[in-house]
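So the sequences go chain by chain: A and B. Start counting the first sequence at 234; every next residue gets the next number (this note's numbering). Start counting the second sequence at 234; every next residue gets the next number (this note's numbering).
Hints are not guaranteed to be accurate.
Copies of the same chain are indistinguishable here, so a pair counts whether it falls within one copy or spans any two.
[As the list claims (entries may be wrong)] Lysine-lysine pairs mimicking DSS-like chemistry, simulated, CA-CA at most 25 angstroms apart:
#	residue 1	residue 2
1	246	463
2	487	245
3	404	245
4	484	698
Keep in mind the hints are simulated off the structure, nothing from the lab. Note that the coordinates shown come from a computational prediction; the quantities given were computed from them, not determined experimentally.
Protein chains: 2
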Amino acid sequence: MPSISIAEELAKKQREISISEFFERNKQILGYDSPTKALLTVVKELCENSLDACEDAGILPDVSVSIQKSGKDEFLVAAEDNGPGIVKKEVANVFGRLLYGSRFHVLAQKRGQQGIGVSGAILYGQTTTGKPTRIRSRPAEMDVAYEVDLIIDIRRNRPSIQKEDFVAWDKPHGTRVEIPLKSRYVTGKQSPFEYLKATAIVNPHARITYLPPEGEPIVFERVTEELPPKTVEIKPHPYGIELGTFLAMAKETKSYKLSAFLAEEFSRISARVAKEICEKAGVPPEMKPKSLDLQEVKAILDAIKEVKIMAPSTDCLSPIGEKLIKKGLKNVLGALKPEFFSPPLTRDPVVWQGNPFQIEVGIVYGGDLPPDQPVDVLRFANRVPLLYQAGACAITQAVQSVDWRRYGLEQRGGEGLPYGPAIILVHVGSVKVPYTSEAKEAVASIPEIMEEIDLALKECGRRLKTHLTKKARRAKTREKFDIVQRILPKIAEKSAKIVGKKVPNLDATVTKIMGVIWIEEAIAYDAKAKKHTVTIDLHNFTSAGKKFNLHALLPRSAKLGAVDPKPKEVRDDGKVTWELKRINSVEKGTVTIELLALDKEEYDESELYVSGVSPELVIGAEPLPGDWELEYAEFEEAGEAPPPEEDEGEIDYDETEEVLEDD
Amino acid sequence: MPSISIAEELAKKQREISISEFFERNKQILGYDSPTKALLTVVKELCENSLDACEDAGILPDVSVSIQKSGKDEFLVAAEDNGPGIVKKEVANVFGRLLYGSRFHVLAQKRGQQGIGVSGAILYGQTTTGKPTRIRSRPAEMDVAYEVDLIIDIRRNRPSIQKEDFVAWDKPHGTRVEIPLKSRYVTGKQSPFEYLKATAIVNPHARITYLPPEGEPIVFERVTEELPPKTVEIKPHPYGIELGTFLAMAKETKSYKLSAFLAEEFSRISARVAKEICEKAGVPPEMKPKSLDLQEVKAILDAIKEVKIMAPSTDCLSPIGEKLIKKGLKNVLGALKPEFFSPPLTRDPVVWQGNPFQIEVGIVYGGDLPPDQPVDVLRFANRVPLLYQAGACAITQAVQSVDWRRYGLEQRGGEGLPYGPAIILVHVGSVKVPYTSEAKEAVASIPEIMEEIDLALKECGRRLKTHLTKKARRAKTREKFDIVQRILPKIAEKSAKIVGKKVPNLDATVTKIMGVIWIEEAIAYDAKAKKHTVTIDLHNFTSAGKKFNLHALLPRSAKLGAVDPKPKEVRDDGKVTWELKRINSVEKGTVTIELLALDKEEYDESELYVSGVSPELVIGAEPLPGDWELEYAEFEEAGEAPPPEEDEGEIDYDETEEVLEDD
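Just chain A, same shape as in the assembly (with noise of 0.2 angstroms):
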């Protein structure tokens, strides 16, 4: 039976534990678990924070990191950016204070959200090493730098001044950070190295040079002068706003009436959806904000849910682009070259609770990958490559999620990694991404979230299937015309010795016999003058003259030149139609295209698609999407494999002596 004591005995020890002091105890949370990682997340911390400094205002970045040993297990990480700098009287703030910033109620595509990323980087420093941080910072307005060495009082979460002093800096503006911690170098896999690559990949405006605390500094150079378009923050979309939220915006707005909070602290909300909202929610538009009851807000919520709202404005996302996609993935694969690239997908935004966002993803294939691994995936986030917790990312999940035996992957029971020689690169921008932790990791399993990126690998997958498929028929139709053109010659020839006639022409044998149209492309390429061309061979191998469509999805980066024939229709996204001229038996047609401004490896094969033909005839083109992925959705939804191809590659000889009697 407890006495009186036991309570008060415990009400004795309740206290309240600082930010700093939470995550002094528990670093492994801001990512500091091991020696190794910590040097990575300090890294890692810097270059981002130096990244969006730059961008926030419109600077393009010129970083460097230097790692330097320091004592037994002690390095000295610096990073030093053009940035705008920070006035004198922030800079104790900024980095001395976790849970204290200007990014965390903006709602746009940065790295740092949080408020703790870099302060922890220097907890995590003087709690190792005993030693304050250097920071000097110098804003364009200013004459000299302000250089200050703070620790964080972790008892109160706030900077505590060492020394501080005006130094004399060459640089016009920027800042330099230099945090001493205990850890370990490693190269490979999870090294700086390979983070500061992979962000130099995806973030190709930015100069990052990279001094190892042994070897020679790498650099790794910007490989554009443009900025990525500068992302707009934006309001939230009332779409997936929590009611709670939402409650707490109302008590707090500025606006006197209802119809006005929602048009201006709303995404999408125009005065007219405002009115038609509280009209649905029977809630008078001239009402006060701050007086909703708890009833009229679930009233307005579900008519926000009932009324048309437009998609959140794609003005806040800064996707990497198919383009870099694929350089990003070129660039993984070194001297490796695959078999297959499926074309990158960016898919449109939308919004988990209120936050933009927008998936992209690219696949390559085959080739000199190897083919009995898991497959290697590549996840981003905000443009940051994400190194640890794979297995907490929703990414690495939706990718085990897909039954990718579909998709011509192996695949044990349908789920979890797939093997395969292939990479998956999956980049989730998001006005917030919602991490598993704050160490920024991995990207929390958000219903939303997940649904998006099985989308966009199903489609990729899609893709990746058909190039299989192709690739399966044409190899199947190619041994057939072998052996057709092998064998019928000598049947002929035996047969008309018997019976003593002359051989017979035997094309129109051949074409009955084969029974398809054969399309084959050759692509070459001028590096002088940056142009493809591609020359498309479209052999009628069937016993009638044929009249169809081609149709080509061209990379949207790319300027048509010269192509011939005409093409009936060229649309923006890179779809261009030829209505084509009747192709007579045993004859072929030709289309040629030059391609411009693309870089070599910009373009290896050519997505080609035909309607108003039999799709079952035609080798090395797919049936127009529309139908073809209409077929898909029902699989899908029955949840079954997509049936077996048909075998039209096996010669059935009874057949081919049939024809030779006939003939």
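Since the structure of chain A is provided, determine the placement of chain B on it from the hints.
Below, chain B alone, put in the same frame as chain A:
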């Protein structure tokens, strides 16, 4: 070029964020990624809080959890306990502030350690429903209960009381918390039912009642009236303490002398050890701790590494224990009958960054378990089942990095989750569990913890392998027996007929061919007397008499009844040794053991070892671990798989004939 305005403009946006605001916007970090998971997380936080409260006060927990549907997508979760209650003035703070609690600064094995869990649940509830949480609490010394409806003032991270009162409550002491939240109710693997069931299994002293939204209440009755031994709060152990942490402790200590500071604020440092540390470090023991500089602290930490300091005491930890692990696994299995229970393993406590921890592992294998699936990994931390974020967890990662092919499981490439009919249970008990996030769903990959789990898994893996090898050898030898006993008499008969002699007695011949000592056991159970009778027959099928030692590892929880013959030694850890009398060729010896006080399912196979005889001769027992472990350790270091087993099961017919001729 940035103008003066950029740095200034950015400065204007800088502001502090309250911890409540942070988590309002990052709910997923607290485990609220999806409505389904939200329900489980709330149940989990409330249940853990109740169990901790009861155990803190030395009360046998009686916890009731109910989930009621209270609207479309809305539920009310209520948890009620018989804990010590909370004094009125603390109620609002404990529940209405994040980072406020009694357990954060305490090094002891508790479920809650962060001061975030329940207040985070309340935050989620109000954010999604706009409604307050109701708390009722009554300390034993009060005649009535205090009841309060509160929400968290998010900007200030302070409780905001909506309504409060004293109410009559028939419960003499305890606390009840009712949280309304938006969620979705599911059954299945990650459901509240499964969580509560798993909790009941590893907390057999708790009575847990569950009232699901539909259907009858379910009671997990307590199976013991004994509380687990009360865990003791400890000081940090000096091994692995961080330099900065040490420095901060030295600045804050009330001790005037370094030697006193060391002896008083750390575990396992006596006055003598403190003096030794100071001497080795070359720092005067009477020095004021506050005046220590960085060099001196470094010297002290280096000295700590060199001085022999006792391992942490074990009374701060509360392992589940071998018996309960086995029981827990049986419970998970339900009606499934496995072939083999690896004896559960509780390793000695060790330290990560000054925090003692202890690993326990159990494996079941074979029988009815599904053979073609990834093994099931059951994860526990401080007696709490972990149901989410398996991929992020040190436990899963440790399982994935063991090469299970050595231990008889299927595993592609020797890494990743193995496949096979097995369940692996791992418990991490620590005075501080390093979770990967505030959701407490996964243990971070701290190297020291990974290493210990790895060792425990490999040890259990070896036991599994031993079992499988024993089984395989037995099967092969039995096959040999069958063949020999079927063929030899026929050959003998035929030979005798040909040469016209009478058929010879083949016993000696069979023996010579077999050349094994065959050990077989039978276990009978008397439910009334709660008695296992184990009969071990030792057949000498070699051509000479054999004298050797038999060893059995019996469960520590069992009591020995009659044992015949009398053992030479009975050790505390359950090891029993017999010096057997010589067993002549073709004769057998027998050992019988009575084991008392065990349930039937607690004993189903003996772990038998032999010494003083060539281990290759023995089927049905292993060589005594000492040498055998050494042998394995060598393979492991060399990174090789163990050598293939000798193929002693096949009959060499030439040899058979030779033996016949000899005769």
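Residue 246 and residue 463: within-copy, between-copy, both or neither at 25 angstroms Cα: between (50 angstroms within a copy, 18 angstroms between copies)
Homo-oligomer pair classification [residue 245, residue 404; C-alpha up to 25 angstroms]: Intra 54 angstroms, inter 24 angstroms, cutoff 25 angstroms: inter-copy only.
Residue 487 and residue 245: within-copy, between-copy, both or neither at 25 angstroms Cα: Classified as between: cross-chain Cα gap 20 angstroms, same-chain 42 angstroms, threshold 25 angstroms.
Within, between, both or neither: residue 484, residue 698 at alpha-carbon 25 angstroms: neither (53 angstroms within a copy, 65 angstroms between copies)
Figure legend: structure checked against the earlier numbered hints; the only hint not met is number 4.
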